[in-house]
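K.L.:
Sequence:
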Amino acid sequence: MMNIMQEHAGNAVLWIDDIYIRQGLKNILADIVFEDDKARLVFFTANHFDAVKKQNYDLNTYRLVLLIDGHLYQYLNDISLYRLPVDSDVASIKQFIIDITRAGGKHELNRHG
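In our numbering, the protein residues as written are 1 to 113.
Derived from the structure by calculation, the hints contain no laboratory data.
Careful, some of the hints might be misleading.
[Said to hold, decoys possible] Within a straight-line C-alpha distance of at most 20 Å, the following computed EDC-like cross-link-like pairs (lysine to aspartate or glutamate) qualify:
no.: 1; residue 1: Lys26; residue 2: Asp99
no.: 2; residue 1: Lys26; residue 2: Asp37
no.: 3; residue 1: Lys54; residue 2: Asp78
no.: 4; residue 1: Lys54; residue 2: Glu7
no.: 5; residue 1: Lys94; residue 2: Asp31
no.: 6; residue 1: Lys38; residue 2: Asp17
no.: 7; residue 1: Lys94; residue 2: Asp37
no.: 8; residue 1: Lys38; residue 2: Glu7
no.: 9; residue 1: Lys26; residue 2: Asp78
no.: 10; residue 1: Lys26; residue 2: Glu7
no.: 11; residue 1: Lys54; residue 2: Asp31
no.: 12; residue 1: Lys53; residue 2: Glu7
Taking the hints into account, I'd like the entire structure generated from these sequences.
P.N.:
Next up, the structure:
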């Protein structure tokens with residue numbers, strides 16, 4: 001049986017096996033002051049989709065963020081989620097988090113040059 005790595009980091013829940021990505025997100029999240037302190041994020045990879053879905057997160061409070069690695073996983077559309085390329089730079093990830101935790105946030109990170 002697979003050991004599912006779920007970790008809480010401030011306003012976020014991380015469902016990420018890769019320790020480097022997980023630690024990087026924890027460092028980024030520690031630097032962000034949330035405009036809405038009640039906003040919650042769930043970062044996960046495609047292999048944890050079913051486990052995240054089974055949690056029945058309240059989508060009025062939680063923003064689900066699928067970390068993508070070049071494949072958009074369009075077939076994972078059972079629930080409302082955001083997509084974030086795992087190879088994005090720190091500034092882009094911070095801006096993405098700020099954008100989706102305030103009202104009217106974008107659904108996908110637009111990659112810049």
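K.L.:
Does each hint hold? Answer for all of them.
P.N.:
Hints and how they fare:
no. : hint           : result
1   : Lys26 to Asp99 : holds, 18 Å
2   : Lys26 to Asp37 : holds, 16 Å
3   : Lys54 to Asp78 : holds, 11 Å
4   : Lys54 to Glu7  : holds, 16 Å
5   : Lys94 to Asp31 : holds, 9 Å
6   : Lys38 to Asp17 : violated, 26 Å
7   : Lys94 to Asp37 : holds, 15 Å
8   : Lys38 to Glu7  : holds, 18 Å
9   : Lys26 to Asp78 : violated, 27 Å
10  : Lys26 to Glu7  : holds, 10 Å
11  : Lys54 to Asp31 : violated, 30 Å
12  : Lys53 to Glu7  : holds, 16 Å
Checked against the numbered hints above, the structure breaks hints 6, 9, 11 and satisfies the rest.
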